[in-house]
Each structure stands twice: as C-alpha cells, then as structure tokens.
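Starting from the structure of chain A, add chains B, C and D with the ligands where the hints point.
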Amino acid sequence: MNTPNTHTTQKGEFSARVAQHDTFGYDIFSIHIELVGPAFATFKQAKPGQFVQLACRDISNYHCPTPLLRRPFSIAGVNIISEESLLIEVIYHVVGPGTKWLQDQKVGNKINLIGPLGNNFKLPENQDSQIFLIGGGVGLPPMFFLADQLVNYGHNQIIAIAGARSSKYLENAIENHLIPIQNPLEANLYLKQFSRSNTKCIIATDDGSLGFHGNVVQALDAYLSKNPCNNQAQIFCCGPHGMLKSIALFAQSRHIECQVCMEAYMACGIGLCQSCAVPVQTSSNTDEWQYKLVCTNGPVFNSKMILWDKIEI
Amino acid sequence: MNTPNTHTTQKGEFSARVAQHDTFGYDIFSIHIELVGPAFATFKQAKPGQFVQLACRDISNYHCPTPLLRRPFSIAGVNIISEESLLIEVIYHVVGPGTKWLQDQKVGNKINLIGPLGNNFKLPENQDSQIFLIGGGVGLPPMFFLADQLVNYGHNQIIAIAGARSSKYLENAIENHLIPIQNPLEANLYLKQFSRSNTKCIIATDDGSLGFHGNVVQALDAYLSKNPCNNQAQIFCCGPHGMLKSIALFAQSRHIECQVCMEAYMACGIGLCQSCAVPVQTSSNTDEWQYKLVCTNGPVFNSKMILWDKIEI
Amino acid sequence: MDRNNREIKQKYLSEPDLSVTLKNVRLPNPVMTASGTSGYTFELRDLVQLDQLGGFITKSITLEPRKGNPPQRTFETPAGMLNSIGLANVGLEVFCEEKIPLLQRFSIPVFVNVAGKTIDEYVAVSQRLMSFSHISGLEINISCPNVKEGGITFGTDPKSVFDLVHAVRQSCPDILLIIKLTPNVTDITVTARAAIDAGADVLSMVNTFLGMAINIHTRKPVLGARTGGLSGPAIKPMALYLVSRVYQEVAREANIPIIGMGGISSAQDAIEFILAGATAVSVGTQVLIHPGCLTQIIQGIKNYLTEYKIPSIRDITGSLE
Amino acid sequence: MDRNNREIKQKYLSEPDLSVTLKNVRLPNPVMTASGTSGYTFELRDLVQLDQLGGFITKSITLEPRKGNPPQRTFETPAGMLNSIGLANVGLEVFCEEKIPLLQRFSIPVFVNVAGKTIDEYVAVSQRLMSFSHISGLEINISCPNVKEGGITFGTDPKSVFDLVHAVRQSCPDILLIIKLTPNVTDITVTARAAIDAGADVLSMVNTFLGMAINIHTRKPVLGARTGGLSGPAIKPMALYLVSRVYQEVAREANIPIIGMGGISSAQDAIEFILAGATAVSVGTQVLIHPGCLTQIIQGIKNYLTEYKIPSIRDITGSLE
Ligand SMILES: Cc1cc2nc3c(=O)[nH]c(=O)nc-3n(C[C@H](O)[C@H](O)[C@H](O)COP(=O)(O)OP(=O)(O)OC[C@H]3O[C@@H](n4cnc5c(N)ncnc54)[C@H](O)[C@@H]3O)c2cc1C
Ligand SMILES: Cc1cc2nc3c(=O)[nH]c(=O)nc-3n(C[C@H](O)[C@H](O)[C@H](O)COP(=O)(O)OP(=O)(O)OC[C@H]3O[C@@H](n4cnc5c(N)ncnc54)[C@H](O)[C@@H]3O)c2cc1C
Ligand SMILES: Cc1cc2nc3c(=O)[nH]c(=O)nc-3n(C[C@H](O)[C@H](O)[C@H](O)COP(=O)(O)O)c2cc1C
Ligand SMILES: Cc1cc2nc3c(=O)[nH]c(=O)nc-3n(C[C@H](O)[C@H](O)[C@H](O)COP(=O)(O)O)c2cc1C
Ligand code: FES
Ligand code: FES
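Taken in order, these protein sequences are the chains called A, B, C and D.
Numbering (this note's numbering) for the first sequence: 80 to 392.
Numbering (this note's numbering) for the second sequence: 80 to 392.
Numbering (this note's numbering) for the third sequence: 154 to 474.
Numbering (this note's numbering) for the fourth sequence: 154 to 474.
Isolated chain A, as found in the complex (with noise of 0.2 angstroms):
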C-alpha cells in the first residue's frame, strides 16, 4: 500500500494499566493510567486540550457489549516515569454506566483506550500575556495539563479559575482546605493538580462554600476589575456548554482572546462516524457555516468562531 511512508503513528488503540486511583472530590476520580512501549512512545506527545476514548468495559468480550461505545476524558496530565513508561491522569465524574465501570476499576487492571486524540490549545507567543485557565466541574482536568505545559514553555502570567457547584467536588483535590480563604479573588495553591506546575487559582463555587461565591465569569469579572491587565490576556477554558457561552461573550466584550475546549456526544471519537458536529463560522467576517467534528477539528476552538445560537445549551 501506497500510504505515506514519511507517517508516523499519532495515536493508537493500546491496552494500558491501573497504576493509581484516588478521590478527587465527592463521585470524581483522579485516575492513572499507565502506558508503556509503543503506547509511550504516542503519549509522549500528547498535548493539553486532547482527549482519550476509554473503553468502559472488557472490549474483547464480544457476548456482553454493553456499554457499547467508549468514553471521552480529557487527559489532566501527563507523567513521564521512566524512559519507557508513562502515566497519564483521566479525572471523571461518574454520572452513568461508563464512569460506574471506571470507578470500579482496581490498581493493576488492564483498560483499552484509544488516544491521544483531537488538537490542543494554542499556546500564546508572548511568553508574558496574562492567561486565564477556567474550568468548571469536569472541565477543569484539561487546565491542569496546560498549565503543566504553560509553565513548561515559560509563562508566568497564569491564573486559575477553578468552578464548582459546591466544594464537595474539590474536597479531595484541595490542599490545605482547612485554612479559610481569606480573600476570595486572591488566587493561592489551593488545588494539588495545580500545584505541581505552582499555578495559583481562584476558587468559585455556586453556593458559596469555598471561596467566590458565584460562577468562574462572575469571578473572572470580579478579579478584571481589581486587576485590570494591560498587556494582551488570554482566556482558556473548558466546561458546560452554558459557562463556555458566557465565558466567550464575556471575552468578546473585553477584546480578550478565548480559546474553548468543547464537548459533544461522541460514538468514535476518530472522526468516523460525524456524531460530534458543532456549527462554526466558516470564516471570521461571513454568515457562512458548517459542522465541524470536535473530536477532530477540536475539541478546542477559537471561541469567536462558534455559532453559540445553533447549540442546545
């Protein structure tokens, strides 16, 4: 076959181990996968704002196909152990049969994933602009991988805007969650998978229980206000539809740059099967549309370009 020789495998269906799984806040889980040779090799590169699609049963048993299509997860981070081996972090909330399996799964055993998939974030050239991480509820793992990455390349203008309906949901992940956030806009290490790369974030919850009380745009807007930022910010931001939304006409209204890493109801996750369509704007100064797929074309997109109208939120 004629396939171009010059390819090299960017991503693959591999067979990974359980290495670590632990609590990340009340039914969400921070789990560690393990991958080695080939599978490391793919993963070494794997980029913030990519996913990887879970197989949330034994894919080999073909008499009990159920749940039948895999999982999407953002990877939350990417731990290189040694020359040939890897851990990546998926943190999930279990909401149905998928996630229930994942939560069952002990240290040790096998899961078949597909990945590292999807684009990524695009880093902004100025080492020195102003970035907002924001995400909200299970959003938030693909922001701990780009801060990792941030940090990496050198930027030191980061804030985090971590959201939550309640402060249940962090528990686990909150370092010292003893202390009383003082000021609530002071952003702080308050979240272990921000800490590792020394990102400081703001914490918002819906009810108030832990620091702002209000969603990340009230947060975002309340912080803008006290500090206003002069060189050029960016806004990165994964979540609900509905934060993102906000989230994008907030950054319009500013003039700030927005990048946003969607979702969608996937069945492949490889671009096959046209499941995941988001309406984008064909070019920035037209009426023009047309589906693009969020598990290839993204899932990150410039905010700008995303009919927000045509999505049910």
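Think of the hints as simulated: they come from the structure by calculation, not from any bench.
Note that CB positions come from ideal geometry on N, CA and C, so glycine has one too.
The reader is advised that the hints may include incorrect statements.
Computed spacing ranges between beta-carbons, pair by pair [what the hints assert, rightly or not]:
id : chain 1 : residue 1 : chain 2 : residue 2 : range
1  : C       : GLN205    : D       : ALA407    : 33 to 41 angstroms
2  : D       : ASN368    : B       : GLN89     : 39 to 47 angstroms
3  : C       : ASN408    : A       : GLN331    : 50 to 58 angstroms
Using the frame of chain A, we list chains B, C and D with the ligands on its own:
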C-alpha cells in the same frame, strides 16, 4: 387478590453475598453464597436436584444488560451456619461470559439469584437400597448435595462415581490426591464434597489420568460385575445428555431404577417461557409424548420417561 | 373552595394518579405482563405481587393444545433473546377448565391472548372466551413469527389483518379487542389502520422481530425452528419508534389506546413508551429475568410523576414534543 | 501426481484461502469496512493496517455537499447505537478532487458508496465516479433512513428500487454495482429481486433499522432528527436472518453475491454471515469502537478454517444446513 392464603413462598428473588470462592479443578470453581433473612427461610427447604438462577451481572444496571439471561446452576450443598444464615454451594465450569463473570466475583460481592427452583430427587424408601450417585463433569454438584441428604436420612449403601475427562478437572477437590489409587474400582473418600457426608466414590477419567480408565458407565459396569448388588439398586445421575442416555439404557437393561437430572437451555428457569422443553412419555405404556419443562417439571426425571431419541446429543 | 382545590391538588401531587383506561376497562396503573412471558395465571406469585399490576395478559391460547417447536427454543443475543416457542400451550379446553377458574381470583383486569392458524380458529377461541365475564378483554395475536402456517401472514398483510379482526369483531361485538401487531412490516401504520378500521379497540405493539443465530461449529441454526423472534432491550429503540409513529399518524386521531412493549426493563423505558403515545405498557423478556421489575417499574413511574409534579400519568401520554 | 496433490492440499490446509470474488472483483479476504463508519480514505491508518483488508467502502457521497442533520446525531442503546448523521459529506466535487487521489493509493479494492435524493442525482454521481479506473465498484445506498426527502422510499418500494437501479445500470453499464438494501420492509426478497432484475451485480445488506430514543427529562427525542438508524450487535440476529433469507430464496439461484453486515463484531459473527450466504462482510459500528477488530476478524476466520481443515472460505459460503 384472592391468591390462596395458605400459599407460602417456595422460591424467591434475593440478593446474596459471596462468602467463599475456591478452585475445584481446572477452570472449575466452587462458590459459597450466603443467604440471610427471608432467603434463609426459603433456602432452608432446598432439596438435592434443585437449582438456582444466578444473575451474572449487576441486574440493577439497566444500561448494561449483558449477559442478558440468568444462568442455572445446581445447588451443590446447603450449609446452615446459624439460625438466620446459610451458605449454598455452587460449583461451576467457566465456559462463557456468565461463568467468566462469576469467576471474577470476590468474597463480599453481591449476587442476585432466584431459587430454589425445580423438583428434586425422590429418595428410595428402603434405607438399605444400593445407591449409585453418578456425576460427570459439572453434573457432580447435585450428587454432593444428594449424598448429604441420603446420609442424613440414614441411607448407608451409597457409592458415588465421579466422571471427568481428566484428573485436572477434579484436582483441587481431591483429598490425599498424592496417594495412588491401587484398585480404581475401590470406592474411597477421594472427593472433599463427598467426604463431608462420608460418601465413598470411584473416580473415572476418560484419559485414565486418575482412577478408573473409562467413562462412568464402564466404571459402573465393571463395578457391578465384581460386586453384584442383591438388594434393589437405584441410580441417581447428572451430567451431559450423552452420558445420561448411556446410563439410562444401561439401567434399563439391568432393571435398575434410575433418576436423571437433566440440563436444558433456559431463559427463565421459573416455568414462564417454555424454553427448556424436553420430550417425555405421557405414561410408561404408550407412544404418546409431550414436552415437559426441565425447570419446573424437572430437572429430575425418571430415566425411562425421557424420549432420548428425540433429544439431540 | 380555593382551599379545597389546593388540598385536592396537594393530594394529587403527593400521590400521582397512575390509572389509565383501555376504552371501558380501567387499569389501576399502566404496567402489565406481556403475553407468553408470565404464564397462564399465578405462575409468578412467589416472585411478584400480582395484585399490584395494572393488568395481566396470559400466554397465547389456541383451539387445540400445541406441543410447540422442537428445542432449542431460546437463545441469548447481545442485550436480547431469540425465541421460537411456537405457541406451545394447553389448548382452549384445558385452559377453560383449569386456568380460567384461577384467573377469576385476580383482582386486576385480565386479558387472554388468542392465537390461531385460521380465521375460524381465532373466532372459535374468542367466542368461547368472551363468555367468561371476568376476562376484561382479548389480545388477538396476529403476529407470532414462530408459527409457519399462517400466523405471520395475517399480521403483515393489511387485507388479512382487516378480515381477521373484522371476523372476530363480528362474532364478539362486546368484548374489548386488543390487536397485537407485528413490527416486521414496511409501514406499520397501514396494518394499524386496517385493524382499527375492522373494529380494534386497542392496539398492542409490538411482537418480536424476526431473527436467527447460527452455531458455527455445527453449522446449523441454533434454534430448532431455524428462526425466531427477537425481544429484550436490544429491540427497544425500534419498538419505541413504531409506537411513536402509530400514535402520531393513526392512533391519536382515531382515539385508540396503544399498549406499548418491546424491551422495557425499567421505569425509564416505560415512560419513554408512554411519552411516545402508549397508554399502557407490557413487560416481557425482563420479567423472565427479573420478575421484581414489574413493581419496580410502577414505583419508578410514580417517582417520576412526583418529581415533576405531574398529577396523572394520563397528562404525559403522547406528550413527546 | 498423487503426492503432488497431497502437497497442494497440505499447503491449502496450512494457509486457508480467504479470497472471494464479487463478480469480477477479487477481494483478498471477505472483510471490508461498512459505509459511513471508516471515513473517505485513510482516516483509519493509524489504527488499522488497511492494506490487509478485503476491501474498503467509503462513506456515502452525494452530488452536493451536505451539512447533515442537527446534533445530537448518535446515541447509545443496549448493545447498539442510533445514528441520524443524515449523509453529512463533502459532496462529489470535493470528493473527486481531494479524496479520489488518495483512494488511488489503496492496494485493496475500493468501493464508493453513492446516495441521493433523486434518480438523476444517483445517476450523475455514479457516472462521474465510474470514470475513475481504480474504483472497483459502486455501492448504491438506496436505504439511508436518515434522509427524509426520498432515500427511504427508494429502498422500501420494489418499483422504485427497480427504476433507480435500472437507471444507474443503464448509465454505468460496466462498473460493478452493489445495491445496499434496507431491512425496514415486510419482505426483503421482493426488493432484493427488484434490484437483481434491474441489473444489480451484488447485494449489500443490511442498512440500519429505524429506531428512536426519548429523553424523559426534556420529553424530547434524543436525536436532533427525532429518529435514527439502529446498528451494532443488537441488530445482528435480524441482519443474519435477512441475509439467510435472501440467499436461500433469491441470491443463490440468481448467482448474485451478498455483502453481509449488521452488528458484526467478531470472527464468529462474520462466519455466521458467511455460513448464511454472505460472500463478503462489512463491519460498521464495531470499527467505530475497536478499529483493530478488522484484522482480528480476518485472523479469526483464518483460524476457524484451519481448525476445521477447510481449504477455502468459499467452501462454506451459504453452507448452513
Ligand atoms: C472531549 C471530551 C472530553 C471529556 N472529558 C471529560 C473529563 O475529563 N472528565 C469527565 O468526567 N468527563 C469528561 N467528558 C464527558 C464524559 O465523556 C461523559 O461524562 C461520559 O461519557 C459519561 O459516560 P457514562 O457512561 O458514565 O454516562 P452516560 O450515561 O453515557 O451519560 C450520562 C450523562 O452524560 C451525558 N454525556 C454522555 N456522553 C457525553 C459526552 N461525550 N459529552 C457530554 N455529555 C455526555 C449524557 O447525555 C448523560 O446526560 C468529556 C467529553 C468529551 C467529549
Ligand atoms: C438445571 C441446570 C443446572 C446446571 N448446573 C450447573 C452446575 O452446577 N455447574 C455448571 O458449571 N453448570 C451448570 N449448568 C450449566 C450452566 O448453566 C451453563 O454452563 C452456563 O449457563 C453457561 O453460561 P456462560 O455464560 O458461561 O456460557 P454460554 O456462552 O452461555 O454457554 C457456553 C456453552 O454452554 C452451553 N450452555 C449454555 N447454557 C446452557 C444450559 N442452560 N444448559 C446446558 N448448556 C448450556 C452453550 O450452548 C454453550 O455451548 C446447569 C444447567 C442447568 C440447566
Ligand atoms: C419467550 C417468549 C414467548 C412469547 N410468547 C408470546 C405469545 O405466546 N403470544 C404473544 O402474543 N407474544 C408472545 N411473545 C412476545 C411478547 O409478548 C412481546 O411482544 C415481545 O417479547 C416484546 O416484548 P419484550 O421485549 O418486553 O419481551 C413472547 C415473547 C417471548 C420472549
Ligand atoms: C455512524 C454511521 C454512519 C453510517 N453512514 C452510512 C452511510 O453514509 N451510507 C451507508 O450506506 N450506510 C451508512 N451506515 C450504515 C452502515 O454502513 C451499516 O450498514 C450499518 O451500520 C449496519 O452495520 P453495523 O451494525 O456493523 O454498523 C452508517 C452507520 C453508522 C453507524
Ligand atoms: S465522534 Fe465520531 S466523528 Fe467525532
Ligand atoms: S426456562 Fe423458562 S420455562 Fe423453563
């Protein structure tokens, strides 16, 4: 509703707990399931020949209904451990998804079951009857339970014949398995599950790797030619239909009463679906026949009534 | 007065009304057994509080007793099962003698399912059964895929559906007639319309989908009858589609209630069928596996109505946007 | 001579022959991708050694580009999935410009799937495609359930099937024509016969089964297009039945090969279809989940033939007793 008031529940659907899980032989395992409360009261009445329908999955997870159907397993023993709790033993061969799931269950896990189901072996009236308990492969389990009951009821002339393709299928159940069997037709306390009732057995393996070299009918034949039985003999047997048919024909030729415990593909196990039909003579002196249900009319039948020629073996 | 109203409302809110009616027959709730999966009478009593159900539908009865198809008669498939029972049943006479007296003891509505090979057979069985006053209605099975000699043709050909239903209707003018449709057709609204035109009071849908399995080692069909009917969760999306379609295109306008079935395993499934247009639902395969599901489904529907503060199940029948 | 024979036999036994032919097109083995589940060209190359397959079938191409249906477009059901993609595709022009040059690089036979709303559209697309010599054949999708404006009518009405296939056949006399049938009909042998009479070279069966799902919380259909097509393991028993029926009643006699599909996930599934009468098979949904299945199925078929000492896969095609 005017259901007869006198009706007491003879079977039930219960959630039970894995209390013990051991290896019986190669790919064959013995699982002890603890039943308490109403399940205890119901299963205290369980009799040899009866079986249970195990849900080999989490039956409350409607999203993952595979394997869909319950799996039937003979009760291999009932062990009353207190006034409100008992253990039933099930011995199973791993052959497909259901039994594979069983194998993965750890002590403490929950299993949903329906039982006890089916009819049971009818004990000989005469305590001195020569009784042969013949089990092939996973046809042995009901024989273990039957031996317990027979001994309980004062029967004292019991010889069991345990057939297996090879010794490895009995490996972990064999007592003193290092002692070579001098005279393969001399019954002894070879198998743990028979030893608990002090029932001596002959082991017959197809490959001669242990005990008598040959199948159970050959073993019985050889045994009888050395030890002709004077008093009325009876055979109780369970195993693959081919084996049951041979035993039935042998028994008929020797005018020995014979009860067979049949298998059938079952969807419900409780008489609803008509799946488990087996052709049975309407009475012993007629050509007329009808389908009887293995799950409710059986699994135990008088061997003479089964129309073996109508059964695909 | 205002206060009185509020109290009534309060009561409704705390205890939603689950009752539904199939023409003139009131069911205490919409959850029934499906024919062929719950026996003739009290087979399930050890495992289900039968008097809590919405109604009981018996297995199919034919004029003569039937042995049924040769085994193997069922086979598990991914999230489904094939069956080729072939209407094994005791026959009308034994049924009348032995089962009907027991059916009398039910406090819930009882429906007897009728099958046959010829129109005459359907008529004969129906006429005999309609004389028993405690039978609330007949479910006419014109759709069994497992009987070669005719059954399936009745169900797939609109003309035959009309003739059959018409004949039964003429001979049994008063009893509630439920016509059970087969899904194995190009356009189910056509057979549904034929049944209604011929006098059906209620539609019951759907029976099983034709299917087959092969044993690759023996290279023979797994089922003794070669082919069978597929049921269980696997078929739910298809059954739901058919119910929705018949409701939207035929039944709503004709004011004919639908008994929906096909893969229902949970309250969520049952509610989907009700939203799609089913007045009541039947549960088949799942009863074989987990008889306790019947009362759990009833409770689950109750919880759903309570959660969304819907006073009566009838408020959501066919309310799919 | 005798010894020579034995040696040849020996060779066969150690390396069974997996090749099959669809009329004049030889496939190295019977396992292909199913349309719409493996992209246009090399989308799968990171995950599958595409040159090891029996053939490659592209997703459906229409004359104009299509955006497809509004999301949500897929939904998981028990052992199956619903899709209502709605033939989203780049359109004929972009396909010819951008994809066809890539298709040229395939060393295995490539089949392009053609869809449309009108006979003219089918003809236009087919005529354009037949000019590319490395396209081994066209699969005419007359059965997509997700396009309202006609597609489904073509597939369910025998007369329309005939007219459509006839028109394409007339305009493309030489290229291999594969007609993809819908299962949503009362009697699939009728549409199969219509396709054959009009000049089909190969039948491809089946496309998806109509289905639906409802979100009970929003009380709306889950899919943006309300209904969708059911695929995956759940439908296998039904698809297998249809292949078996068409083989026995139509295709064997007419000497028309069948490409079987519907829920194939394992070598066992593929072998069942082949025993039932399929010359080749396509794998759809399972490729979305586990692309590696394609080569595993090929290996599994090889192992099966070796185990049973069957020299060629063709020895068992349709050999169901
Ligand atoms: C690119 C991407 C990255 C993701 N990253 C994460 C992550 O890091 N952590 C995490 O917890 N979750 C993440 N998700 C969502 C995650 O995939 C779903 O929660 C998961 O598939 C649910 O599976 P389930 O079987 O447990 O529940 P299901 O029963 O399948 O679904 C439960 C609920 O979640 C909704 N849902 C299902 N699939 C999706 C989906 N693909 N996108 C959005 N909603 C869905 C369903 O509509 C339903 O309401 C991500 C999704 C995408 C597309
Ligand atoms: C009354 C009764 C008592 C039984 N007792 C025992 C027991 O004590 N120990 C034990 O190991 N097994 C017993 N069996 C058999 C047991 O039910 C099957 O082995 C089990 O259902 C296989 O399930 P699976 O999912 O692992 O394999 P499957 O994939 O379902 O089946 C694997 C193979 O077993 C065959 N099989 C499946 N179900 C049955 C069945 N009901 N009867 C016979 N063959 C079947 C299949 O045709 C297939 O060839 C009993 C069966 C019956 C009917
Ligand atoms: C084992 C079995 C036996 C059945 N017997 C009958 C029958 O006698 N008469 C009938 O009308 N339907 C019969 N059916 C069909 C069911 O009543 C029901 O229509 C179908 O199974 C779909 O529902 P389910 O998926 O909930 O099982 C039978 C189904 C099964 C599984
Ligand atoms: C996501 C998806 C998209 C599909 N798109 C097409 C298509 O464009 N053209 C077509 O002929 N069939 C299409 N099909 C049908 C498949 O080719 C196949 O006939 C069907 O899915 C049954 O096979 P399976 O169960 O292996 O998936 C599609 C199926 C799926 C699941
Ligand atoms: S999920 Fe299949 S194309 Fe994106
Ligand atoms: S298994 Fe259902 S009647 Fe016996």
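Hints, verified against the model:
no.	hint	in the structure
1	C/GLN205 x D/ALA407: 33 to 41 angstroms	56 angstroms, violated
2	D/ASN368 x B/GLN89: 39 to 47 angstroms	42 angstroms, holds
3	C/ASN408 x A/GLN331: 50 to 58 angstroms	53 angstroms, holds
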